[in-house]
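**Q** Protein chains in written order, with UniProt numbering: chain V, 1 to 256; chain R, 1 to 285; chain A, 1 to 346.
Incorrect hints may appear among the rest.
Claimed, not checked - Subject to a maximum C-alpha distance of 30 Å in a straight line, what follows is the list of computed DSSO-like cross-link-like pairs (lysine-lysine):
| hint | chain 1 | residue 1 | chain 2 | residue 2 |
| --- | --- | --- | --- | --- |
| 1 | V | Lys92 | R | Lys94 |
| 2 | A | Lys67 | A | Lys270 |
| 3 | A | Lys337 | A | Lys101 |
| 4 | A | Lys263 | A | Lys122 |
| 5 | R | Lys10 | V | Lys93 |
| 6 | A | Lys277 | A | Lys101 |
| 7 | A | Lys67 | A | Lys101 |
| 8 | A | Lys101 | A | Lys122 |
| 9 | A | Lys67 | A | Lys337 |
| 10 | A | Lys337 | A | Lys87 |
| 11 | V | Lys92 | R | Lys10 |
| 12 | R | Lys277 | R | Lys94 |
| 13 | A | Lys122 | A | Lys277 |
| 14 | V | Lys226 | R | Lys147 |
| 15 | A | Lys260 | A | Lys87 |
| 16 | A | Lys337 | A | Lys195 |
| 17 | V | Lys93 | R | Lys277 |
| 18 | A | Lys263 | R | Lys147 |
In case anyone wonders, no lab produced these hints; they're calculated from the structure.
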Amino acid sequence: MTRWLPRTYLTLVYLLLYAPIAVLVVFSFNDSRTGYEWGGLSWRWYESLFNNRAMVEAMWNSLWLALSAATISTLIGALTALALHRYRFRGKKALNGMLFVVMMSPEIVLAISLLALFLLVGLQLGYVSLLLAHVTFCLPFVVITVMARLSGFDERLPEAARDLGASDFTMTRTVLIPVIMPALLAGWLLGFTLSLDDVVVSTFVSGPSYEILPLRIYSMVRVGLKPEVNALGTLLLMFSMVMLIMSQWILTRSKQ
Amino acid sequence: MRSALQQPFKTAVLVLVWGWLLFLVFTPNLLVVGASVMTRDPGSFISLPITLDAYRQLLNPLYLDVFLHSLYMASMTTLVCLVIGYPFAWALSKVPRQRQVLLIFLLIVPFWTNSLVRTYALKLMLATNGLLNNALMSLGLIEEPLKLLYSEGAVIIGLVYLLLPFMILPLYSVFEDLREDLLRASHDLGAGHFATFVHVIVPLTLPGVLAGVMLVLLPAMGLFFVPDILGGSRNLLVGNVIKNQFLDARNWPFGAAASIVLTLTMAFLMFAHRLSKRRIGEEGA
Amino acid sequence: MKKIALAGLLAVSLTGCGGSEEPEVLNLYNWSEYMPQEVLDRFTEETGIQVVYTTYDSNEAMYARLKLLDDSAAYDLAVPSTYYVSKMRQEDLLMPIDRSKIDGFDNLDPELVDLDVDPDNKYSVPYLWGTTGLAVDTADVEGEVTAWEDLWDERFEGRVMLTNDMREVFHVGLRVLGYSGNSTNPEEIEAAYEKLTELMPSVRTFNSDAPRMPYLEGETDVGMIWNGEAVMAQDTMPALEYVYPEEGIIAWLDSFVIPKNAKNPEAAHKFINFVLKPEISALISEEIGYATPNLAARDLLPEEVANNRASYPNATDMVNAEFQTDIGDEALQVYAKYWEMLKSGQ
């Protein structure tokens, strides 16, 4: 009993998790417009997706935004993690606490507070406001990822480097960076995905000058069943699979 | 011992991150607190005088109802996630190592996929002409299609679907750390399965449970797009109320007050989590 | 200080983008599915101006967002209903329209221009007009449905759809009680709210993004719908009937307006001018089922569109019809309060 029961249970939950996604993928190749009946195999929804200029533009915008937000948050996040790990300074606890608060606060609260700020300083809602917001909510995740890596790291290595006459800068470049590289990549990928997926914050801080994919999808799914959404969803699923496999590969390789 | 380069580097990093956090986290939150005690203004959103009207409005039975209903749906979501996730995480931690990696991978893939798309996929399943009803009808289990969509149940199902991994992952990590020798010791001391579960497993996994609750309950109150898509613009969450106040009804003080209450709920949960962790720490020592 | 920090951030974030020549853009803020893609494409083809089409699902949302983004000049053109035109005009949110740049204005139905909401159309140009009436899925609904009152019938429990539009839903409540749909009397509004709460157990969903979809998806069988949506739905679902309720239909007119701080008013004028071309107006009316106020376009409409009673009602259909008017901010607040109570009540 103890053998098959957990297995059945796991299988069942996975089936429930994947059933809607499977349906989505299958129906993205469905020729029928109404969405429920099977009307034969077809690529037409993918075609109509890529013929939609606004959609393609939103895709590029989103990719560019995710790319830049992930990069900037990885940069700042990694530096912060290094500082937290290596230095003693006043307000260290406060910094830690603040990052934790950002990570845990409800997205919607972050969203309205940023909206209030941007209106106050008169920043036009668009790429810059989205970027600032996305970097802000990605930051703590990068810090945590890098910190986790650093805490498992042999403290004697940098000491040894210094004893051998390496400057702080050289030590950072030749010892620290290679050690935290996998964490940087993992943090970057996490930030990239968080940015690409975000609806709540983006709803508040985006303007028409820079339309992004999640909001485009939002206005599509609110209208009702649209086969194009199936096609788009399938593409996004494949994309995130590739990203995830990449990050797993990086992490496992670095362990060996 | 400290090299000359270290100080400027440290200062630069600290200035950068503190600057970022002060400007984009601290100031905005201060603004929200400020907005919540101002007066609604149809022209410029907020104006003087300072007042607690927005908080008084929150205590209005209507909004209290919305808040409580949202809390109820979020709690149900959390409960369902816990009921599904707890045994799931346990079972997962018992699977051979190699397979575990794959299973966890499969668990995170949906989490890395756009949540709107997944909510939409769920709509495909739950719709009156949708697949679930078609399947049940062709199996002869029901005669009339079930009206699943646009209901409280649909919203909860949607939230569970989106948030389940957030419950499972912290639970999985505590089950991973659960030491077999403790369980064996409990058995050796004559405790039955049930007693071991209640007195050993539950307390040791409590931090994981609380972390999971925290990670599920809070988003479950804020994900406004779930009721929009699955709830028929009814069965509102606190997130919907906040969003409507800012983007529709233009009552900023009220929206700000509602979001502060949400933040306080979060603070309370975090505090409880800390407390339980400390207690475990003391008992372990 | 903040400005400096911001400038620094800008410098960091903007390197790598920019440089390439930006095409001219028109930011159009419109209701969902309220303009055929073909019209946008043809406009771009003719003028080289790209149209960015963003959507809203209620006048309130449109107004709130325009106000929010007032300074940043985000939108060049919006399409509020008449009663919001007067509100926005009075609040000085609109830019006067230069009639010399609009050729087809004289083709507009004299009955739909120079209305009280905007005397002499200084700030608005009519786009489409339409009605909100009853949708009945005759395949699933047994018996006749002829009046708003019928929605309260027990047999429709859990089968009714309402638009997600405060004024329209209250319009129905008020008309059923015999009041004007434009009432500003708080007691009448409260009575309408009480009446509507009795309807709530029957209401399955609110939808203003695409009110036809819940009927097409089989979720609801009866309720409110916009005439154009009904016409579009009939393509795939002939059983869906558009009924003019006895208490009177809700009539509205949506107009183009240019926000005061629009970045590209030139393109906005060009777009209005383009839409007012008879063949374009006709194409729009034919595609999305609403009535064009452009009389020159009406002559170009195919027989079956021009004679479609759902799109173009006849005189008897319009008996008791009421046009939505501006009711002022004070009354609007009363409506807003009861609307929230209605939607969040369990």
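**Q** Hints first: check each against the structure and report whether it holds.
**A** Evaluation of the provided hints:
no., hint, in the structure
1, V/Lys92 - R/Lys94, "violated (39 Å)"
2, A/Lys67 - A/Lys270, "holds (24 Å)"
3, A/Lys337 - A/Lys101, "violated (42 Å)"
4, A/Lys263 - A/Lys122, "holds (19 Å)"
5, R/Lys10 - V/Lys93, "holds (16 Å)"
6, A/Lys277 - A/Lys101, "holds (13 Å)"
7, A/Lys67 - A/Lys101, "holds (26 Å)"
8, A/Lys101 - A/Lys122, "holds (13 Å)"
9, A/Lys67 - A/Lys337, "holds (20 Å)"
10, A/Lys337 - A/Lys87, "holds (19 Å)"
11, V/Lys92 - R/Lys10, "holds (12 Å)"
12, R/Lys277 - R/Lys94, "holds (24 Å)"
13, A/Lys122 - A/Lys277, "holds (20 Å)"
14, V/Lys226 - R/Lys147, "holds (21 Å)"
15, A/Lys260 - A/Lys87, "holds (14 Å)"
16, A/Lys337 - A/Lys195, "holds (15 Å)"
17, V/Lys93 - R/Lys277, "holds (18 Å)"
18, A/Lys263 - R/Lys147, "violated (47 Å)"
Figure legend: structure checked against the earlier numbered hints; hints not met, in rising order: 1, 3, 18.
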